[in-house]
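J.: Fit chain B to the supplied structure of chain A, relying on the hints for placement.
Residue numbers (this note's numbering), protein chains in the order written: chain A, 1 to 456; chain B, 1001 to 1423.
Hint data in this document are derived by calculation from the structure and do not stem from the laboratory. Here the structure is a predicted model, which means the values were calculated and not measured. Where hints are given, some of them may not hold.
What the hints assert, rightly or not - Subject to a maximum C-alpha distance of 35 Å in a straight line, what follows is the list of computed DSBU-like cross-link-like pairs (lysine-lysine):
id	chain 1	residue 1	chain 2	residue 2
1	A	Lys131	A	Lys453
2	A	Lys131	A	Lys412
3	B	Lys1163	A	Lys347
4	A	Lys287	B	Lys1263
5	B	Lys1225	A	Lys252
6	A	Lys445	A	Lys408
7	B	Lys1256	A	Lys193
8	B	Lys1263	A	Lys294
9	A	Lys193	B	Lys1065
10	A	Lys379	B	Lys1256
11	B	Lys1064	A	Lys117
12	B	Lys1263	A	Lys194
13	A	Lys210	A	Lys252
14	B	Lys1164	A	Lys294
15	B	Lys1263	A	Lys193
16	A	Lys194	A	Lys412
17	B	Lys1263	B	Lys1065
18	A	Lys194	B	Lys1064
19	B	Lys1263	A	Lys28
20	A	Lys294	B	Lys1256
21	B	Lys1211	A	Lys294
22	A	Lys347	B	Lys1164
23	A	Lys379	B	Lys1263
24	B	Lys1316	A	Lys193
25	B	Lys1263	A	Lys408
26	A	Lys28	B	Lys1256
27	A	Lys109	A	Lys387
28	A	Lys379	B	Lys1065
29	A	Lys194	B	Lys1303
30	B	Lys1303	A	Lys252
31	A	Lys408	A	Lys109
32	B	Lys1092	A	Lys379
33	B	Lys1131	A	Lys194
34	A	Lys412	B	Lys1263
35	A	Lys193	B	Lys1303
36	B	Lys1163	A	Lys287
37	B	Lys1211	B	Lys1106
38	A	Lys294	B	Lys1163
39	A	Lys194	B	Lys1316
40	A	Lys387	B	Lys1263
What follows is each chain in one-letter form.
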Amino acid sequence: MFTAVLVALVIGGLIIFLVQRRRNQVLKTEDGWWGPGAPPGAEEDITVRSFKVTTSDEELEDLYRRIDQTRPVSSLEDSQFHYGFNSHYLQRVVSYWRNDFDWRRQVDKLNQYPHFKTSIEGIDVHYVHVKPKRVPEGTSAIPLIMVHGWPGSFYEFYGLIPLLTEPSDPGDLVFEVVCPSIPGYGFSEAPRKKGFDSVCAARIFHKLMKRLGFQQFYAHGGDWGWLVTTNMAQLEPKTVKGLHVNFAPPSKPGLQMVLSIMLGRRFPKLFGFTDMDVERLYPCMEKLVVESIKESGYMHIQATKPDTAGRGLNDSPVGLAAYILEKFSTWTDHDFRNLDDGGLTRKFSLDDLLTNVMIYWTSGCIISSMRFYKENFGKGLDAPHAKIPVYVPTGFACFPNELMHTPKLWVKQKYRNLVSFSPMQRGGHFAAMEEPQLMAEDIQKFTKTVEKKMKQ
Amino acid sequence: MKYTDVFVEMVHGVGILFAGHFTCEGLIDDLVYQDLHERIDRTRFSDPLEDSGFQYGFNSTYLKKVVSYWRNTFDWKQQVAVLNKYPHFKTKIEGLDVHFIHVRPKHRGDQRVLPLMMVHGWPGSFYEFYKILPLLTQNHDGVSFEVVIPSIPGYGFSEAPHKKGFNSLAAARIFLTLMERLGFSQFYLQGGDWGSLITTNMAQMRPDRVKGLHLNMCMSTRGFKVLLSMMIGPYLPFLVGFSREDVRRLFPFFEKNVWEMLKESGYLHIQATKPDTAGRGLNDSPVGLAAYLLEKFSTWTHKRNRDLEDGGLERKFSLDDLLTNVMIYWTTGSIISSMRFYKENLGSNPNDRIDARTGIFVPTGLAAFPQELLHCPRSWAQIRYRNIVSYTFMPQGGHFPALEEPRLLAADVIQFAKKVEEL
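In isolation and in its complexed conformation, chain B is listed as follows:
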């Protein structure tokens, strides 16, 4: 082994001393199983309106099918074994137990092993990355990744904050500390949903440590340039830096962006104002929780799913994967704390916050998926992300690409990292 490898091994060893090994075995407690089944059996179902698909939210008739699978076929013990196939750890940072998985590629050899942290969002979890992990830890022409996937405090197995004010800046700071504690002086970041904001914050706070930032969702800023491009864009796209694909995804603007956003942001509005109320019932009703979370996996994967009786849920995901994610929220009772993150970040005007006014100068790669909630063209992203090294129009996929299109996302992350390494 080379000297650097030994050094890395030593540092990792020390890191593990501070980090406690953690497995998900406590979750298979028979009592947990029994309690879940009892609650499912006691669900008070009601009928959906005739012919309403998923337009009023999760269709109750299809929900019964999902719940029947959950009750009778879904094997949580088996899924916990799946969860445990990667090593889990916990470590205390700023008073909270932070959970993460840490996966190293199998054969080191001549590969360049790039450290990479991937951050999930809501209503996802570290589990979203289980399909893309094996693709990233493989050798791709001499490049592979060593992956760290944490749970945001308040989500899944990470302890929830007890005090007000835990926003994405706090999460970013904690994750930077985590990477430092694990001995990484430089690393890549990947994120979508809240993960996109947290990794962006990390890149803003310590650009010296972040080699590259890859996002599959980017929030566009507002401002005059954006407004102008909105007005001129449909007619003279090239003048404002729009490609044909941008035009196709953005316009008609009002309908696609404003109206659609209003239709789909009710959850955001209530979670950003009354999270404790919104999540209260969901922590007692597993079926309610499943409906609430899985509605997003339906609608945010493709908008046409709203018109389908079954929400198109099983077209891109397996019920096992979807329910495993739900179980992570259920067994940890973290739905309320996960919702509070919305209030902490959006409670006061987010555009006034310092990170909204700061640029990002680390090499950035953007993967624009066609069914993402809001399309962000390169010209808008460039307003804040000043060093865009790659911008890819992905051929298919929605808001959860790591789970839905792992190959496509992995390919884009790899080509982005390779570009950065050559810089």
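Bound-form chain A, shown alone:
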């Protein structure tokens, strides 16, 4: 049997080598128009406008009225978080939200960094732009774009930004950070037309960075941000100096990946599997297939019926909170499903969690945020960008509780210029928010490595 596999390997490898000659292929794209109706004949408005997050008494009154009119339903006895967000704990979170959470104070916190909006391809794109206060002599700040995912927002990076723009260690690099909101999320306008996928977002963010005067920059992303920044690296490899991601699920299982799954348990060294890799991948059926099915219901409905799925959530703040915060519980550690309180406040503060929910609530963007799933998955997993590798220097931060574990071998399948692969000590899917210190350290390490290589 082993010889048969070996022979198949050799023949397969040959075929693949002969057929796949896509070296240095660049992702192609065309301009789009996402505003209502047809694009106007006039020149596009390229001004950058200052923006401040605001709130009002009406907004708060409306929120509180809706919270007060929630119709609670008890969870089943002894079910913890296995059926979704536990209703008893939800009541506690909502009580905090209604009585203790200070949205005006959080709005001030949001406004501590300068916000802007600018119109690109017909929609207003929101972003936070933080310039460092002090830059060491003889150097310049390194531009970095950080892209969030779902159900997150630019706010996820608020703990990370100061560590990058004002590092305490004098040996560290100083960054100039841009955190946009993906169109359809938070304060960025939602596209009016079908077809706005990650490549469109990538193209728009390239235009944004150009408009801000950056010829070259680094990119960081997790969740959807991983895909958008990867697309940016595929669209303009010369512009993206380095790509740092903490999430990299393989879109197409290649031969290497399949073989490694089949034989990796027995022969880990053959595939460069560490002990952690083996522990997180096997038993493969349970850890890869069953776990995925258990946790991907939201993805399935959002990728097919986003308008239906989000409709009720835009009227019910409690429903919205349950839907979003369930992810902050389960995706931080799967074991949190066994806890009555979902372990939510073990790694996050309720203030931070609810601020993120308020961004979705006040902007009413839950439906448009869900549509991104349909636009990206709707036609299957065979998009052009899935077939093109990434040659830009890449750094991968491997957090132990990430949703999908990707060993080095799998990451390298797509990211051919993997400069750093760091197994992190702790952290899950929302790593930037959960472990900003660890994330900052890895971004520093990665960027220093790339900068050094460039100087050589």
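T.: Just chain B now, with coordinates in the frame of chain A:
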């Protein structure tokens, strides 16, 4: 009156002693009305993508029209009167209040009156059967039905289970107890959606009581025979027991069955894993609830409805009927418990459960509607349903035939029952 009739009357009388009479009057509380209207008025609508029909789910522009009708024209008091035209009851079984309606045909005379239980599914309710009820309680050449229509625990006016594990086997057991309590020693069953699984379970548990089982939806098993017929079917259908109509409905297989299923099963996936999260917002937002439920009445009635701006919703149903069904979910706050049924049944591998490996030997009748979600040919159904007495290719209709095509469904149920009675 004949002796048997007296006996039946006595038993029914006793049954009612245990069952409490129940009317839907509590629902017309003005506060309920006011609360509903306030919530509707506070809906935060958003626009659909240009030119997207129902492809992204319920179209928001059309939703506004439906909601406007709901807010201004729909008369819930009138609909409650409609609901109350049949007698409702509640009775406590295994710790839960089980709701049901019980309708007897008007004139007994020489007719043979066949007891029949009809079980609804999701996102339906007992109300789905209100159009077919009068057709079944009429006299058809000496045969008519006495109909019992329960609400599955966790749906509508039936109390929701408080403990984990309430699956279709538990529902089947409860409904068998109900029929026993009402004094029926033998009866017919009819079901679609979850009702199909529950009635099948009932027939598996007590084949001595179930005279006949009629289904408008049947889940096909997997296995080698099915796989083989999938591969050979398009080319040599008669070899694997496929008729031309089967071939027309099944193939191209990947597109019609796998791809379509993936497109339409998002709700199933999230409800089978995170029901409490999925339903949470819907219990506060009537418009959200309406969109969620009515999307199914659109898409599952005919797949082409996805391309229409109005989802073709009013082509086969009246807004009054659709909204009455939504109101049943809304006024009882049962959306979350209704979703939990998915997790209880699908949470662990359903193919490993004992009922998936057990055959059904009671006389079975299958009505195959052309727009049903998944077509199940007779040859596949025969793998488990070993005593198929009638299999009918229905000319039109989708997933909710009792409401959409009551005449067609009634005709098939009647011809099936007649066949069984002659056996």
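J.: Are the Cα atoms of Lys1256(B) and Lys193(A) separated by 35 Å or less?
T.: The given pair, whose Cα atoms are some 27 Å apart, holds under the 35 Å limit.
J.: Hint check: Lys1303(B) vs Lys252(A), CA-CA at most 35 Å. Holds or violated?
T.: With Cα atoms ~30 Å apart, Lys1303(B) and Lys252(A) stay inside 35 Å; holds.
J.: Verify the proposed pairing of Lys194(A) with Lys1316(B), using a straight-line Cα cut of 35 Å.
T.: holds, 29 Å
J.: Has the given pair, Lys287(A) with Lys1263(B), been kept, meaning a C-alpha gap of at most 35 Å?
T.: It holds: about 25 Å lies between the C-alpha atoms, which stays within 35 Å.
J.: Does Lys1263(B) pair with Lys408(A) here, judged by a C-alpha cut-off of 35 Å?
T.: Holds - the C-alpha atoms of Lys408(A) and Lys1263(B) are around 33 Å apart, at most 35 Å.
J.: Is Lys1225(B) within 35 Å of Lys252(A), Cα to Cα?
T.: holds, 31 Å
J.: For the pair we were handed, Lys193(A) and Lys1303(B), check the Cα-Cα distance against 35 Å.
T.: Since the Cα atoms of Lys193(A) and Lys1303(B) sit roughly 23 Å apart, the hinted pair holds (cutoff 35 Å).
J.: Holds or violated: Lys379(A) with Lys1263(B), Cα cutoff 35 Å?
T.: holds, 10 Å
J.: Given the hinted pair Lys109(A) and Lys387(A), is their Cα-Cα distance within 35 Å?
T.: Distance of about 42 Å is beyond 35 Å: violated.
J.: Lys1263(B) and Lys193(A): Cα distance at most 35 Å?
T.: holds, 20 Å
J.: Hint check: Lys1131(B) vs Lys194(A), CA-CA at most 35 Å. Holds or violated?
T.: violated, 40 Å
J.: Hey, Lys1064(B) versus Lys117(A), does the alpha-carbon distance stay inside 35 Å?
T.: Holds. Lys1064(B) to Lys117(A) sits at ~31 Å (cutoff 35 Å).
When each numbered hint is compared with the structure, violations occur for hints 21, 27, 31, 32 and 33.
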